[in-house]
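Turn these sequences into a full structure, and let the hints guide you.
Keeping their order, the protein sequence lines are chains A and B. Quick note on numbering: our numbering labels position 103 of the first sequence as 104, and the sequence is numbered without any gaps. Quick note on numbering: our numbering labels position 343 of the second sequence as 344, and the sequence is numbered without any gaps.
None of these hints come from the bench; they were simulated from the model. Incorrect hints may appear among the rest.
Note: identical chains are not told apart, hence a pair may lie in one copy or across any two.
[Said to hold, decoys possible] Below are the BS3-like pairs computed for lysine-lysine, each with C-alpha atoms no more than 30 Å apart in a straight line:
{"hint": "1", "residue 1": "355", "residue 2": "187"}
{"hint": "2", "residue 1": "448", "residue 2": "322"}
{"hint": "3", "residue 1": "204", "residue 2": "366"}
{"hint": "4", "residue 1": "366", "residue 2": "71"}
{"hint": "5", "residue 1": "180", "residue 2": "56"}
Quantities reported herein were computed from a predicted structural model and do not represent experimental measurements.
Protein chains: 2
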Amino acid sequence: MSQAIVVIGGGAAGASAAARAKRLNPNAEVVLIEATDMITHAPCGIPYYIGGIVKRREDLATYTPEEFEKERGIKVYINSIVKDVDVDRKAVIVERNGHRFEVKWNKLVIATGAIPAVPPVPGVDLKGVYTIRHPAYAYKLLEDLRNARKVAVVGGSYLGLEMAEALLELGKSIVLIEKGDRLLPKALDRELAEIVAREVLEKGVELHLNEEIREIVGGNGAVKAVATDKGVYEVDAVILATGVKPNIWLATRAGVKLGVTGAVEVNEYMETSVEDVYAAGDVAEKTHRVTGKKVWIPLAPSANKEGQVAGANAARGRVLKFPGVVGTAVTKFFDLYIARTGLSEEEAVANGFKVEKAVIKARTKAHYYPGVTEVHIKMIMDSSTGRILGAQVVGRDPIVAGYIDVVAVAIERGMTIEDLFFADLGYHPAVAPVWHPLIVAARVLSKGRF
Amino acid sequence: MSQAIVVIGGGAAGASAAARAKRLNPNAEVVLIEATDMITHAPCGIPYYIGGIVKRREDLATYTPEEFEKERGIKVYINSIVKDVDVDRKAVIVERNGHRFEVKWNKLVIATGAIPAVPPVPGVDLKGVYTIRHPAYAYKLLEDLRNARKVAVVGGSYLGLEMAEALLELGKSIVLIEKGDRLLPKALDRELAEIVAREVLEKGVELHLNEEIREIVGGNGAVKAVATDKGVYEVDAVILATGVKPNIWLATRAGVKLGVTGAVEVNEYMETSVEDVYAAGDVAEKTHRVTGKKVWIPLAPSANKEGQVAGANAARGRVLKFPGVVGTAVTKFFDLYIARTGLSEEEAVANGFKVEKAVIKARTKAHYYPGVTEVHIKMIMDSSTGRILGAQVVGRDPIVAGYIDVVAVAIERGMTIEDLFFADLGYHPAVAPVWHPLIVAARVLSKGRF
Chain A
2 MSQAIVVIGG GAAGASAAAR AKRLNPNAEV VLIEATDMIT HAPCGIPYYI GGIVKRREDL
62 ATYTPEEFEK ERGIKVYINS IVKDVDVDRK AVIVERNGHR FEVKWNKLVI ATGAIPAVPP
122 VPGVDLKGVY TIRHPAYAYK LLEDLRNARK VAVVGGSYLG LEMAEALLEL GKSIVLIEKG
182 DRLLPKALDR ELAEIVAREV LEKGVELHLN EEIREIVGGN GAVKAVATDK GVYEVDAVIL
242 ATGVKPNIWL ATRAGVKLGV TGAVEVNEYM ETSVEDVYAA GDVAEKTHRV TGKKVWIPLA
302 PSANKEGQVA GANAARGRVL KFPGVVGTAV TKFFDLYIAR TGLSEEEAVA NGFKVEKAVI
362 KARTKAHYYP GVTEVHIKMI MDSSTGRILG AQVVGRDPIV AGYIDVVAVA IERGMTIEDL
422 FFADLGYHPA VAPVWHPLIV AARVLSKGRF
Chain B
2 MSQAIVVIGG GAAGASAAAR AKRLNPNAEV VLIEATDMIT HAPCGIPYYI GGIVKRREDL
62 ATYTPEEFEK ERGIKVYINS IVKDVDVDRK AVIVERNGHR FEVKWNKLVI ATGAIPAVPP
122 VPGVDLKGVY TIRHPAYAYK LLEDLRNARK VAVVGGSYLG LEMAEALLEL GKSIVLIEKG
182 DRLLPKALDR ELAEIVAREV LEKGVELHLN EEIREIVGGN GAVKAVATDK GVYEVDAVIL
242 ATGVKPNIWL ATRAGVKLGV TGAVEVNEYM ETSVEDVYAA GDVAEKTHRV TGKKVWIPLA
302 PSANKEGQVA GANAARGRVL KFPGVVGTAV TKFFDLYIAR TGLSEEEAVA NGFKVEKAVI
362 KARTKAHYYP GVTEVHIKMI MDSSTGRILG AQVVGRDPIV AGYIDVVAVA IERGMTIEDL
422 FFADLGYHPA VAPVWHPLIV AARVLSKGRF
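This is the structure in structure tokens:
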């Protein structure tokens, strides 16, 4: 009998795992089970669908289930909910259109992703309160929001900012509520978060930092207002962008061990504590390559690679290792591009590093070249070794988002600020100044040593 | 008596050396001697001044001589030609406005840059034949070219392409003559050079590859035509973009040793073979960090850093080392951005590597995001170790120029394609696809291993 590899979840990690497993073991029967009608979907695109930049819901998926079946030879069950996992019998119980059936596996990949973390306050079930979850539901959200005039966005992280942009594009008024003392508190330290906040205010957002949601107030079953510890704001709808959590329920049914982060514990082969059961993507925790500690940073690029590793190893057995992440992330607010990698100053200090930092302003092109803009960079180093620990970038040229990739690689390779200063980065008046902003940041951090 | 540090040449390397020396040793008397009336000038900007993108000649310098004198405390001699170097007496002989004077030094930095390499053919001295040399002469060139209708650009490397763009912007017809079998032959292998050639043809350039200039034909003392080994082309002016060579005359007067490349030999401290004499920038050769061999790659970012190292060591003695370059370079032709780093396939093979390569086409953003464009990447690896040796990139989004910085750092750190595949590069639909094009290239190069 040929090997059966079953993957639960058709998002980035799951689809990647299924495709990889089939590619490396064409004789295996690879089955992908997805709860909605979309696979290879891109939740990161939802704000741009809501805002009208992406026109068609179908665009938020790379492949249709049919393409995956026909071109890849993978059996795809859509609209199919896995109700249980039986590890002893090596089977999953699936429900589709009210019917239950069983799918047997030799290897199982759990890629059930993340789900919104809803704050435990009254009113979250009211009509007009939304979480951003899956492209499959995005059209419904768009329809529902049509008549809303004023919307509260709760949470000032990536999704909150992106949804604020989208809703402004739709002509809504926005109240943005963030319980932290700054926007993007997990991504940025104060210096660059303040630049983002200025932009948010300039675009007309009513911004409330240091405020925690206490209640969503309804009337006639619909949202009337949001109450925080500091005020009550009348709104017609509420977007809860209050973070996500790993969707671990099925994993716990399979009996796999959870890690310190609350996500599924995996080793570098993406193996869980249960034999023949792998986990990949947002449901799994990752190793941070700077601290060596387990972290839960649910992002698509890493999910894709973890899926690749899980699928390869499920098909061939320990052929590939996932080395972990350094916390690279990118977002934008209108034309302000925001990117970060490594540890923020706050994270570095919390991890016991003694840090030095530089916050610089530089140009993105030669000073004489049209379209030159400003970029703000914060760079953080370990003061005992000079090793780069992290960087944050904010600027109006999309090219600055790419700076962070250079720093990500530098951090992965343990580069010091001196190594970065001497990096042979490219120059052309139209794309960078002759002293690249990253090199300026490294030089400023050296405090005159170079 | 305080230390005297004399720097010959006010370009990238020289100005950088002088500024650094003064900063690290404020008591030193630092003297910068420049032949023209501009310092910290940007020859890379000349094509954009000619093409009308940069309006003012002054914009092609970062600092005026006055600023350098007043703000940095550096003595600047402009319009001053160093006629000789006397190493025994530690003096340079300077001529300005017909007067000669002597400047004594304890440390000397030679930063005389590069000069055009003019092909040894008849007619190069005719009126209407130009080399691109120094921003100080750019206005004259612009004036002279006003009445030219058809211009031959000889040389299809960076400068030739950039000048072709500039002259097209001015409405000229262009005959572009390159003796190699492709455009940018030292930068790109055939695959990506062909994409550039298609664009050049589409913009209406009359392109002649595999043709070598034999004569510039004049009449009444002015240019009438360019003759190659294959044809004669009537033109009104000729731009010789036939490469540059190190401007070593003064260095040889100082008795310093030249290296295998013909440029001044320096060690990692930028010391020449003569005690207390340093060289930096285009006049000096560099170490290639992939091959370990000496190369001559005259580019501004490296010149700046070499100047920094020479200035620091002249002021303080062996405080900083220059590790060399990996051959990163960027250019553009209209909206086609072209970048490369490391070794081309041709260079890798010539250096004895057994190589494997991938040439891929990918998207620069999420497939659903507006403004998504195509990028072509060639990546070259050492087939025995998997180590990345080089990459070339061509695309219409300026962000692709930044890709090459990631690869430059990867190459400097000896990364394999597997290391690059697992690099934590950033993702946002507006700035990159979820599978970053560099990661796709690494994956394709793995031939199914990941």
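Q. Between the shortest in-copy and the shortest cross-copy C-alpha distance, which are at most 30 Å for residue 204 and residue 366: within, between, both, or neither?
A. both (26 Å within a copy, 25 Å between copies)
Q.
At most 30 Å between CA atoms: does that hold for residue 366 and residue 71 within a copy, between copies, both, or neither?
A. between (47 Å within a copy, 26 Å between copies)
Q.
At most 30 Å between alpha carbons: which applies to residue 180 and residue 56, within, between, both or neither?
A. Neither: 33 Å inside a copy, 49 Å across copies.
(Q) If the cut is 30 Å between Cα atoms, do residue 448 and residue 322 qualify within a copy, between copies, both or neither? (A) between (39 Å within a copy, 17 Å between copies)
**Q.** Intra- versus inter-subunit Cα pairing at 30 Å for residue 355 with residue 187
**A.** within (19 Å within a copy, 45 Å between copies)
Of the numbered hints given earlier, the model fails hint 5 alone.
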